[in-house]
Amino acid sequence: MEEMFEIMNPDGSFTGKLKARSQVHRDGDLHGAAHIWVYRLVDGKAELLLQKRSDDKDSFPGCYDTSSAGHLDPGETFEAGAQRELKEELGICAEKEELQYMYTKEIDLTDIFFGSSFHNHEMIAIYMFELVPSDRKISYQESEISGVMWMEADTLYRMAKENAFLHCLDLEELEKIVSELHQRLRLKKQMEFLLEADKEKEIIRQTYKTSMKKENDAEHAWHLALMAMLLTEHSNTPVDGYRTMCMVLIHDIVEIDAGDTYAYDNAGIQTQRERELAAADRIFRLLPADQAEWMRNLWDEFEEWKTPEACFAHTLDNLQPLTLNHATGGRSWREHQIQKVQPMKRNARTMEGSKRLWNYAHEIIREHAEKGDLIQPPKEAERGN
Numbered sequence: 001m002e003e004m005f006e007i008m009n010p011d012g013s014f015t016g017k018l019k020a021r022s023q024v025h026r027d028g029d030l031h032g033a034a035h036i037w038v039y040r041l042v043d044g045k046a047e048l049l050l051q052k053r054s055d056d057k058d059s060f061p062g063c064y065d066t067s068s069a070g071h072l073d074p075g076e077t078f079e080a081g082a083q084r085e086l087k088e089e090l091g092i093c094a095e096k097e098e099l100q101y102m103y104t105k106e107i108d109l110t111d112i113f114f115g116s117s118f119h120n121h122e123m124i125a126i127y128m129f130e131l132v133p134s135d136r137k138i139s140y141q142e143s144e145i146s147g148v149m150w151m152e153a154d155t156l157y158r159m160a161k162e163n164a165f166l167h168c169l170d171l172e173e174l175e176k177i178v179s180e181l182h183q184r185l186r187l188k189k190q191m192e193f194l195l196e197a198d199k200e201k202e203i204i205r206q207t208y209k210t211s212m213k214k215e216n217d218a219e220h221a222w223h224l225a226l227m228a229m230l231l232t233e234h235s236n237t238p239v240d241g242y243r244t245m246c247m248v249l250i251h252d253i254v255e256i257d258a259g260d261t262y263a264y265d266n267a268g269i270q271t272q273r274e275r276e277l278a279a280a281d282r283i284f285r286l287l288p289a290d291q292a293e294w295m296r297n298l299w300d301e302f303e304e305w306k307t308p309e310a311c312f313a314h315t316l317d318n319l320q321p322l323t324l325n326h327a328t329g330g331r332s333w334r335e336h337q338i339q340k341v342q343p344m345k346r347n348a349r350t351m352e353g354s355k356r357l358w359n360y361a362h363e364i365i366r367e368h369a370e371k372g373d374l375i376q377p378p379k380e381a382e383r384g385n
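By this note's numbering, the letter at position 194 of the sequence shown is numbered 194, and the numbering carries on one by one without gaps.
To be clear, the hints were calculated from the coordinates, so they are not data collected in a lab. One or more hints might be untrue.
Said to hold, decoys possible - Result set (SDA-like, lysine to any residue): computed pairs, CA atoms no more than 25 Å apart in a straight line:
(1) K209 - K188
(2) K87 - M4
(3) K371 - T210
(4) K355 - A225
(5) K176 - L109
(6) K201 - R282
(7) K52 - L171
(8) K214 - R331
(9) K188 - P133
(10) K306 - R331
(11) K201 - M191
(12) K189 - N297
(13) K45 - K176
(14) K201 - L287
(15) K52 - S116
(16) K19 - T104
(17) K96 - T77
(18) K87 - V42
(19) K17 - N120
(20) K19 - K96
(21) K188 - A348
(22) K57 - Y140
(23) K105 - E3
(24) K306 - L230
(25) K57 - K189
(26) K52 - E2
(27) K214 - I375
(28) K137 - L99
(29) K371 - K199
(30) K199 - D43
(31) K201 - C168
(32) K45 - S179
(33) K188 - D281
(34) K52 - S179
(35) K176 - L195
(36) K209 - L277
(37) K161 - E274
(38) K199 - E274
(39) K199 - G44
(40) K52 - V178
Source: prediction; values computed, not measured.
Please model the entire structure based on the sequences and the hints provided.
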């Protein structure tokens with residue numbers, strides 16, 4: 001018995017009227033169909049599955065086509081049709097939530113196959129389906145399909161555009177699918193970076209928080225970002241607050257690999273630059289290329305200390321632990337027996353970012369030296385008394 005199609009109205013609604021497949025393709029009646037693009041993400045690349053249409057098909061025999069495609073059965077929704085086609089043609093059982101709806105399009109094409117006119121007027125819902133795991137077995141319907149083939153998405157689009165192989169792919173549709181895959185690969189890289197950045201929460205610093213617990217790198221970066229948001233008006237020269245905020249958020253992310261180097265650890269400081277450069281090379285490369293370059297340049301800018309934003313970011317980076325030491329009674333300084341000259345030396349360039357904030361920092365250092373939280377040379381201590 002010949003397959004029956006349900007005819008659609010021009011607005012895409014169903015009429016309830018059934019008509020034989022051959023008559024529909026003879027008369028050009030509007031009917032429904034679904035296209036499903038099966039993809040997998042492998043080693044940072046996206047691959048699309050193509051089916052090769054059987055030589056017995058009444059249209060485009062022997063051509064490579066969308067992963068799975070077919071007409072709707074009478075009374076069937078687009079989504080249900082997509083699920084059925086995946087199961088029938090490729091042996092893939094897909095849950096509704098696994099089908100990723102893209103868009104709906106209408107086509108109206110006329111061609112000649114086997115000496116007869118073929119008028120195909122379809123309303124097509126386009127879906128994507130990620131094959132997870134990527135090596136999941138596919139069992140294709142041999143009566144409809146003569147073979148399947150995986151191809152890297154960009155290569156497929158280029159070859160299809162050049163007609164380098166026999167296909168019946170809609171280039172506009174394929175371009176949209178490839179573009180979406182680019183975005184999904186990009187998102188995958190971004191999420192991998194964000195998860196890696198989560199490790200910054202485990203890097204413990206020597207500075208105590210107001211709760212008297214040691215802060216971690218992520219808390220330090222957040223505190224600096226808040227300072228950048230509020231204190232840019234005190235910069236010696238106008239600065240881009242957003243750029244400064246981004247800079248301080250990432251300035252210590254390299255410590256995921258390099259570890260925290262205490263400001264007064266002379267031995268650790270000797271190898272700090274080498275360790276942090278290696279970490280920057282690895283960590284920033286987790287991102288998509290354009291964001292990796294932007295973020296690495298931002299990190300380098302901070303390290304080079306040349307721009308107004310970098311100078312002000314360093315001022316904040318130096319001021320923040322001072323304020324916490326002040327709030328916690330100089331606890332960290334006392335534990336490490338820090339001398340007054342050490343924070344003075346560390347803050348030697350703080351004034352380059354903000355004279356006003358340096359004055360604030362200097363007052364903190366002076367006060368805690370007088371209290372004995374910072375060790376002073378005997379003569380200086382006598383003058384203080």
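Results for each hint:
no., hint, verdict
1, K209 - K188, "violated, 34 Å"
2, K87 - M4, "holds, 20 Å"
3, K371 - T210, "holds, 19 Å"
4, K355 - A225, "holds, 20 Å"
5, K176 - L109, "holds, 20 Å"
6, K201 - R282, "holds, 18 Å"
7, K52 - L171, "holds, 17 Å"
8, K214 - R331, "holds, 11 Å"
9, K188 - P133, "holds, 16 Å"
10, K306 - R331, "violated, 33 Å"
11, K201 - M191, "holds, 16 Å"
12, K189 - N297, "holds, 19 Å"
13, K45 - K176, "holds, 17 Å"
14, K201 - L287, "holds, 19 Å"
15, K52 - S116, "holds, 22 Å"
16, K19 - T104, "holds, 23 Å"
17, K96 - T77, "holds, 12 Å"
18, K87 - V42, "holds, 23 Å"
19, K17 - N120, "holds, 17 Å"
20, K19 - K96, "violated, 28 Å"
21, K188 - A348, "violated, 42 Å"
22, K57 - Y140, "holds, 15 Å"
23, K105 - E3, "holds, 23 Å"
24, K306 - L230, "holds, 22 Å"
25, K57 - K189, "violated, 41 Å"
26, K52 - E2, "holds, 23 Å"
27, K214 - I375, "holds, 22 Å"
28, K137 - L99, "holds, 18 Å"
29, K371 - K199, "violated, 37 Å"
30, K199 - D43, "holds, 23 Å"
31, K201 - C168, "violated, 52 Å"
32, K45 - S179, "holds, 13 Å"
33, K188 - D281, "holds, 19 Å"
34, K52 - S179, "holds, 23 Å"
35, K176 - L195, "violated, 29 Å"
36, K209 - L277, "violated, 28 Å"
37, K161 - E274, "violated, 47 Å"
38, K199 - E274, "holds, 20 Å"
39, K199 - G44, "holds, 22 Å"
40, K52 - V178, "holds, 19 Å"
Hints 1, 10, 20, 21, 25, 29, 31, 35, 36 and 37, counting from the list given before, are not met by this structure.
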